[in-house]
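A.B. asks: Work out the full structure: start from the sequences and follow the hints.
Protein chains: 2
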Amino acid sequence: MRPIALLFLVVAACAPTAPPANTPAPTDVEHPRLEWGMVLHGGAGVTRASYSAAELPLMEAAFHAALRAGHAILAGGGSSLDAVEAAVRILEDDSLFNAGKGSVFTNDSINELDAAIMEGHTYRAGAVAGVHRVKNPITLARAVMERSKHVMMIGDGAERFAVEQRIEMVDPGYFHTGRRMRSLRKAIEDERRAANPNGTAVLPDPTWRFGTVGAVALDKQGRLAAATSTGGMTNKRYGRVGDVPIIGAGTYASPACAVSATGDGEYFIRWSIAHSICTRTDLAGQSLASAADSVIMGVLHRTGGTGGVISLDNRGHVAMPFNAEGMTRGYVGPDGQTWMRMFR
Amino acid sequence: MRPIALLFLVVAACAPTAPPANTPAPTDVEHPRLEWGMVLHGGAGVTRASYSAAELPLMEAAFHAALRAGHAILAGGGSSLDAVEAAVRILEDDSLFNAGKGSVFTNDSINELDAAIMEGHTYRAGAVAGVHRVKNPITLARAVMERSKHVMMIGDGAERFAVEQRIEMVDPGYFHTGRRMRSLRKAIEDERRAANPNGTAVLPDPTWRFGTVGAVALDKQGRLAAATSTGGMTNKRYGRVGDVPIIGAGTYASPACAVSATGDGEYFIRWSIAHSICTRTDLAGQSLASAADSVIMGVLHRTGGTGGVISLDNRGHVAMPFNAEGMTRGYVGPDGQTWMRMFR
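Respectively, the protein sequence lines represent chains A and B.
Per this note's numbering, residue 1 is the first one in the first sequence, and the count goes up by one each step.
Per this note's numbering, residue 1 is the first one in the second sequence, and the count goes up by one each step.
In short, the hints are calculated from the structure, not lab data.
Be a bit skeptical, because a hint or two may be false.
Said to hold, decoys possible - Here are a few chain B residues that face chain A, going by a calculated C-beta distance under 10 Å:
1. THR106
2. TYR123
3. GLU164
4. GLY248
5. ALA274
6. HIS275
7. GLY336
8. TRP339
Yeah, the Cβ is synthetic: ideal placement off N, Cα and C, and Gly gets one too.
C.D. replies: What follows is the structure, encoded as structure tokens:
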């Protein structure tokens, strides 16, 4: 085979799948390159009805505060790992995000929390799933990464480890908010109606499906990290675990690329979305924007999934494609200006 | 840039990382291409001391029986999904493999079983982790894939789903074998000695660390499937979950590539080993042998991890690299001849 023909073949093999003609255009493609900084999300699936007029400014204030917390750590020469943990903890502590304090209820009226964290330059990772009494699951995920031989712990075992490691524990009642209990009651009612041919079928509010928070950061030393935390899916059953604590699905970081995802967890697992994006940059030499768009618009969207990612490469490029109505997202760079948007 | 220079760059970006000079050579590279067939493993980390003279022929007979069961299904025009499930069930039912009946004990003297299954041409997947009473976790993983909206369920919730789906349940005592209890006692004793400066430090027997079973198959319709099941790590704590139920880490299948892994689970998660191999064939156009070797010898081995994979592409190429002392492995093609090997 002549070199030029081989070139064509190899380039074709490495090229992103073209999105179908009527795909929503990727958004926010043109962001400034950040010499260092943090990108944050508060979940895809947010709609204009997700927050009341009273709640919206409170939610925005918490989001900007989380960006500023990450900025302060990075500006002081701190690690990207510290920055993403600190930012995610702030959103976990706010009842307006579906993570930590604001976690949604399962069908059994309990809260099952999942989280994962990964450090790009060492490929170290930690994840927890199905915990009920851990105030900040992201901090437990980091403890699994740094203080155990393991990557993933689940359920009661993960909580035993948390107690031994003196991670802050709370009574399960800490997670019981009126907002989330109303969501559960509505979801159960909608499900009952959908199952009853005489009732009115109502699709579940996507806000409850996709709530997740996450951060990716690049520090002054050029190190990347990614962190994701969620309270799961309203009305979920059977100890369902979504993509958040699955390294490679909802969370991934390599020396060159960091991704945190939010959306239909099952799709993110089946296509190893976060790892796919990093592989396209690391192995196939695609730009981060092209890799993230081709996976979200070309794979996730084409196969019927909904959601998005925030991503950052080690040269400070930012990509945040999503195909939902909204995705709460933002970033901060060396100048300390916090940028935030919820819709297109 | 001239095309030839671009060619060089793209090929370099897509090329596998070269393994270090003194890496053990990949084994079994030259296998016949299977028009259709199944590849099976019974775990990496097997040593010449793993089985007694009385146990060895029994283990080999079960392994060949599992290959024949897969062959019978495929020969009759059945699906690769049916074949991998049937083969894994046979090994799960045999106490000489660390999966199902022969699962090892956790530090708490219980058994926590994990399994995953994936169908390549649909990207459907199912996984369960931390179940105690399910006779065949691989069948529960398949039920999660086929009869729920979810991909992964854990713990008690997964068992509630199993009961509802009429999956065969057993008393936890079903998994209590003398062989595995002796392993646990030895591991705890070894750990005690290792922690005691006056005792004799003994490294854990790798047999207990890596036991896993798995299968990949290609059917007459050209469809791939992968399945993996494990009883976990002897003496494990804290609800640790390894790579087996992590789609992309221990188990993955695409339309063109299927992988089942066995080894140091934490390494397989951090590098998304199974997905990495499929991505190198699907996206970067590497041959399966080159992709599997570059990930196992170039990534896993170089970073200090131990284990291996079985893999199969949709043209029937087989690759089974591993860097442990042994990996119980074998395959069967249209001629029905079963090939099995444990060491190099």
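A.B. asks: A separate judgement is required for each hint: does it hold in the structure or not?
C.D. replies: Now for the hints, and whether the structure bears them out:
no. : hint   : in the structure
1   : THR106 : holds, 8 Å
2   : TYR123 : holds, 5 Å
3   : GLU164 : holds, 9 Å
4   : GLY248 : holds, 4 Å
5   : ALA274 : holds, 9 Å
6   : HIS275 : holds, 4 Å
7   : GLY336 : violated, 33 Å
8   : TRP339 : violated, 31 Å
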